[in-house]
Amino acid sequence: MEASVRPLLKISGLRVEYPGRRGTFVAVENMDLEVGRGEIVGVVGESGAGKSTIGSAIMQLLEPPGRIAAGTIELEGQRLDQLDATEMRAIRGKRISMIFQDPLTSLNPLYTVGKQLIQTIRTHSSRSEAAARQEATALLNAVGIPDPEIRIDQYPHQFSGGMRQRVVIALVLCTNPDLIIADEPTTALDVSVQAQILDLIKKLAAERNIGVMLITHDMGVIAQTTNRVAVMYRGRVVETGKTHQIIHAPVHEYTKSLIGAVPRADVKLDRFPRISYIEAATPAAKVFDIETHWLGRTRPDAKVAQPASVGPLVSVDGLTMRFVVRHAILPQNRVLFDAVKDLSLDIQEGEVMGLVGESGSGKSTVARILSGLYRPSSGSMRFDGQDVLKMSRSADVNAIRRQVQMIFQDPYSSLNPRMRVDSIVAEPIQHHRLASSRDETYAIVDDLLEVVGLGKAAGRKFPHEFSGGQRQRISIARALATRPRFLICDEPTSALDVSIQAQILNLLKDLRSALKLTVLFISHDLPVVRQMCDRVAVMKKGELCELAATDDLFNRPRHPYTTELLRLMPRI
Amino acid sequence: MTSNSTGRFLPALRDSDAWHKFKGSPLTIGAAIIALLMISSALLSPLIAPHDPFDPRAIDLMNSLIPPAWHEDGQSSFLLGTDDQGRDLLSAILYGTRTSIIVGFVSVGAAVLLGLVAGLLAGYLGGFIDGFIMRVVDIQMTFPSIMVALLIDGISRSLLPREQHDQLALVVIILALSLSIWPQVARTVRASTMVEKNREYVQAARVIGRPAGIIMVKHILPNVMGPVLVIATINFGVAILGEATLSFLGVGIPASEPSLGTLIRIGNNFLFSGERWIVLYPGLTLALLVLAINLLGDWLRDVLDPKLR
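Sequence lines, in order, name chains A and B.
If you're matching positions, the first sequence starts at 1 in the working numbering and goes up one per residue.
If you're matching positions, the second sequence starts at 1 in the working numbering and goes up one per residue.
The shape of chain B in the complex, shown without the other chains:
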C-alpha cells in the first residue's frame, strides 16, 4: 500500500509544476540549500557545536573578545571569535539560530491555527460571527507587534517573579509574535472561504446533509491551505526578524541565553570598539536565513497561486 503510493507519488512530483519551477530557478535551489543547511545545523547544534555556550564551566572570561580564527590574534578553537563573556561565537550562533527557528515555527504555527479557525468560522458562517471576528482582527491589526510584545512582557514582569519571568521569556515572545501574525492568516482564510463556500461541491455536501463543521474541515480547509502555506512561509521570516528585534530591545530572550537578537544586542555595544565580529556574524546569519526563507516563500506563491501562473 505505502510502497504503491510512493511509487506513484515520486513520478507525479517529478512531473509537477512545482518541481519544474524549482528546477528552473537557480535562486530557489540556492535558497532551499541554504535554508536546509542552516535549519538542520541549528537543530543539531547540541551535537555539532564546538562549545556549549550554556555551560558556565566551559566559559572562561580569559577567552573573551577573541577575534575570528583568521585574524592575527585569533585562535583555531574559536572559529568566529568570542564575545565579551568568552563564549564561542560560532556555537552561540548555532544555538541562537535554533532558538530563532523554534520561535518562528511555534509562533507561526499557533498563528496559522488561530487564523484558520477564525477565518473559516467568519467566512463560512458570515453574519454576526463574521462581523465580530473581523472587528477583532481589525483592532488587532492596529497594534504593532512590538507594542503587543511590550504589553505582554510588562504584564508578565509585574505579575511574575524575575526568575519565572526569564523562564517564560520564550513563551511571551511566541505569544506576542503569533498575536501579531494571526490576523493576516484569518483575513486570507476568510476571503478564500467565502469564494469556496459558493462553489458547487460545498453545496453538494450541504445537500447530502453534512453539518457546517464537517464541511469546513473536510471540504473547505484543504482548498484554502495553498495561500495559508504561502503566508506561513513568509511570516516565518517575519517572526524570526521579530524575535531578533524584540530580543535586541531586551523584551525577549534574556541576555544569558543566546539568540540571534541577543547576540546582535551584545555585539552592538562593541560595534565601535573594534570587535565588530560579534555583531557581524549573527547579523549575517539572520539576513541569510530570512532571505532564503523569503525566496522559498516566493517560489511557493508562484506555484500555488493560479493567478500568477
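Next comes chain A alone, as it looks inside the complex:
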C-alpha cells in the first residue's frame, strides 16, 4: 500500500444552492464522489438531477446566485472551493478542463483550428510559435484527425460534428490537464460518431493517466465507457459503485427503474416496464371503448369495403426533394442538394413503419412531405388510393389533412406559448368542423386530455406550466383531435428523459392499437424502433438502404450500412 492513494478529485458533502425569491432551490445535496488518475467516472441522471451543476461547482462556474453552501472539493488535497477567482483561473483550463455538449459553440468560428490550439498552448507554456504549432499538429494527430498538417489551417465550419468534437478534445489536451470534465460530450452526435469519440476519451484517459468525469443521461454511454458510476436523482447520489455491478445488479429502486426504462435492442417487448419510482405521480390514461367513443365515431372505416382502399394506405413513388443551397442567376451555377432521392415506399393500413437514419439522412424531410408541409420536387404520393399531389380542390386537400397528423420532436416549440392547452387541442376540431357546438368541442377536448393521461384540469393552463413529457402528451391529444388514420411521429421522444420516453412510447402503443392507427415512426434510436415498429426502413443520405420486417432487420441485416448502425448501437 502506497501512502499517496489520495484520489485526484475528491468531493465530499457538497451542497449547491440557488437562493431565489421563491425560496432556496437545492440543486445538489450531500454529494460524495472520487475520481482517480486514469479512471473514467460516470455521473448519470435525468434532466434536473443536478449532474451538470457538479461540473460547474468544481470549476467555480456556477451562475449566480448559485453557490456552494457546504462540503469540500479537493484536487489532490488542494481545496478548490476555497480558492479566489485569480487562483482558480490558474487551475481552470490548466489542470481541469471541460468538454461541452455542442462542439460548434465551443470553438471560435473566426479563427482557424490551429490558431486556437497554438494560442492555448502558448498561454500555458513558454513555447515558441513553431514549437507550439508542432505540438498542435501532434495533438490533432493524437485525437485521430487525418492530415493534421493540412487541417490545422482550416476553420471550425470546415469540420464535421464529430471532427469538431475531436478538435475540442485536442484543445483540452493542450494544457496537459489532470482532470477532464466531459458534460454530455456525445449527445449532439450521431451513433457512429459517438462510439468513436467515446473510444478516444477512453484511450486518452488510459494513455495520459487523466481522470475523466463523464456526465451523461445515457446508460448506454455509461456502460460502454466508465469504470465507476454515480447515479443521481433530484440532486442526490442514490447509488454509486463499479459500472458493471450497477448495471447488472442495481440495488436502489431508482437505478433499477432507470435501467429498466432503456429500450432493449435484443427482444421486442409488449410494453415498456412501468417505472414505479418516477411514474407514481402521473395519472393513468383513461381507458375507453373505441366502439362508443368519439375517437371511434364516423371513422372512414366504412370505406374499407370499397375497392379503392385495398392497396396500401400511403404509397410514395420516386419521391425526390431538391433544395437550392445557393441561389444564382444562371441555372447552371445553382448549388442544389437532394434531401430525399428517388424514395419509394408503401405503408399498409394499420402498420407501424419505422424510419431510421443519422442526422442529414432526410428522414425528417420525408415526414414533412408526407404531412404536406413540403411539396416534393418530383415523384408521386398516394393516400388511400388518391393522388395527393394532383389534388386541386381545397376541400379534397382538407380531407387528407384531417386524416394525416404529425407529432413533432421538440415539445418546447410545438405548442403555441400564448394559447391555453384546451384551445390548442380544440383548434383542429374547430377547423375541420368535427363538433357541432362550442360546448361539444370542449367536452371532446376534456375527454382527449384524459385519454392521453393529463386530466381535464390541464386544459385551462398554458404550455409552459407543463414538463416535456406532459407537453408531448398535449401534442398527441392535438394530433388525435382530427381523428386521423395516419400518424407521423418525428422523433417524438428524442428530447425526453428515458423514463418519460417509456411512458410516452407506451401511450403511443396503446393508442395505436385502440384506434388502429397507421404510424410512420421516425427515430435515430434503434432500440426504440425495435420496440415500436412492424417494419423498418433505413435511410442514408436521402436514399433508402434497406426495408425489412423489424426482426429480420435486427437479426439478419442485409445492407452494410445497417450492419454498421447495429454494431455501433450502445448496449447495456
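Hints listed in this document are in silico derivations from the structure and should not be mistaken for laboratory results.
Quantities reported herein were computed from a predicted structural model and do not represent experimental measurements.
A couple of the hints might just be wrong.
List of simulated lysine-lysine pairs, DSS-like, C-alpha gap at most 25 Å [as the list claims (entries may be wrong)]:
1. A:Lys-268 to A:Lys-10
2. A:Lys-268 to A:Lys-94
3. A:Lys-10 to A:Lys-94
4. A:Lys-540 to A:Lys-341
5. A:Lys-541 to A:Lys-341
6. A:Lys-268 to A:Lys-509
7. B:Lys-218 to A:Lys-456
8. A:Lys-461 to B:Lys-218
9. B:Lys-197 to A:Lys-461
Pulled a few chain A residues facing chain B out of the computed Cβ check, cut under 7 Å [claimed, not checked]:
10. Leu-83
11. Thr-86
12. Tyr-374
13. Asn-398
14. Arg-401
15. Met-406
16. Asp-410
17. Ser-414
18. Arg-418
19. Pro-428
20. Gln-430
21. His-431
22. Leu-434
23. Ser-436
Just a few of them, taken from the derived set where beta-carbon distance is under 8 Å, the chain A residues facing chain B [what the hints assert, rightly or not]:
24. Phe-100
25. Val-251
26. Ser-377
27. Ser-380
28. Gln-403
29. Asn-416
30. Pro-417
31. Arg-420
32. Glu-427
33. Arg-478
34. Thr-482
Every residue, glycine too, gets a C-beta built ideally from N, C-alpha and C.
Given chain A, put chain B in place with the hints provided.
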C-alpha cells in the same frame, strides 16, 4: 367567470417578472407616476384647466405676457403666467399636452397596424411579396420624417383651401409621423415572424390545414407582440417629439391651437426679451413626458426581451 379570472390574474401579476422588476426600480416607478399624472391631467384638461385657451372671449390682450405667479408682477389666477395673446400658460400646456398625446397615440397606433400587416405578410409569405414590402420599407426609411411631413403638408396646402387645411393639420401631422414610424415596426415584425414561422407549433397548425391568414393572426401575431410593444412605447416618445418639432417649424398644428410645439415656437420669439417662461414650461413638460415614456419603454424591453434577462 370574470371574477374567477381576475382572482387568478392578480396573484399571477404580483408574482410575475414584470411586477418584480417594476417594484425593484424606483426610476421606473417614478416614470410611471409622472407619465400617468401627465397623461391623465392632459386628457382631463377641459375639466381641470383654470382657463379655456380656445375661447376667444376668455382671452384678454390686457393679460398678455404676465409672468408666473411667484414673480413680483405675477397674478395668482395665471399660475405659470400668460403668453403674448394673454392665454393662461398652464391651461395652454394642459391642452397642448393633450394634443401631443393624441397625436402620439394615433400616429403610433396607425404605424403599428400598418407595420404589423406588412411585417407579417413579408415574414410569413416571403419571396416576391417579402422583397416588394421590404424595398418599400427601405425607400421609406431614406426619407427623414420632417421631409415627409413637409411634402404632405405642401401637397395638402396646394390642394385645399386654407381653412380646410388648418382643420386637417392634425391629420397631416399624424400621417407624416406614422409614415416615418411604420418601417421600423415592419422590420421588427418581419424578423420575429421569420423566427416564429419555423417553430413547430406553426408547422402543427399547417398540418391541421389552417390557412396562412389564420396562422398569421392566431398563432404568429400574439408571439411577435412583445417587441412591437417595446417599439411602440419608445416611438410614442419619438412621435410626441416629432409633433413638437413639426409644429415648431410651422408645418404642424396651426399657431392658434395650443400644442407643446406651437407653444415653444411662440415662446422662442420671447426667449431673449425676458419672457422666457413661455418657452421654459412647455419645454420642461415635453422633456419630462418623453423621458418618462422612454424609461417605461426601457423597463418594458427588459421584461419582454428574453435576451436581456
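- Query: Which earlier hints can't be squared with this structure?
  - Reply: Violated hints (numbers, rising): 1, 2, 10, 11, 12, 20, 22, 23, 24, 25, 26, 27, 28, 31; every other hint is consistent with the structure.
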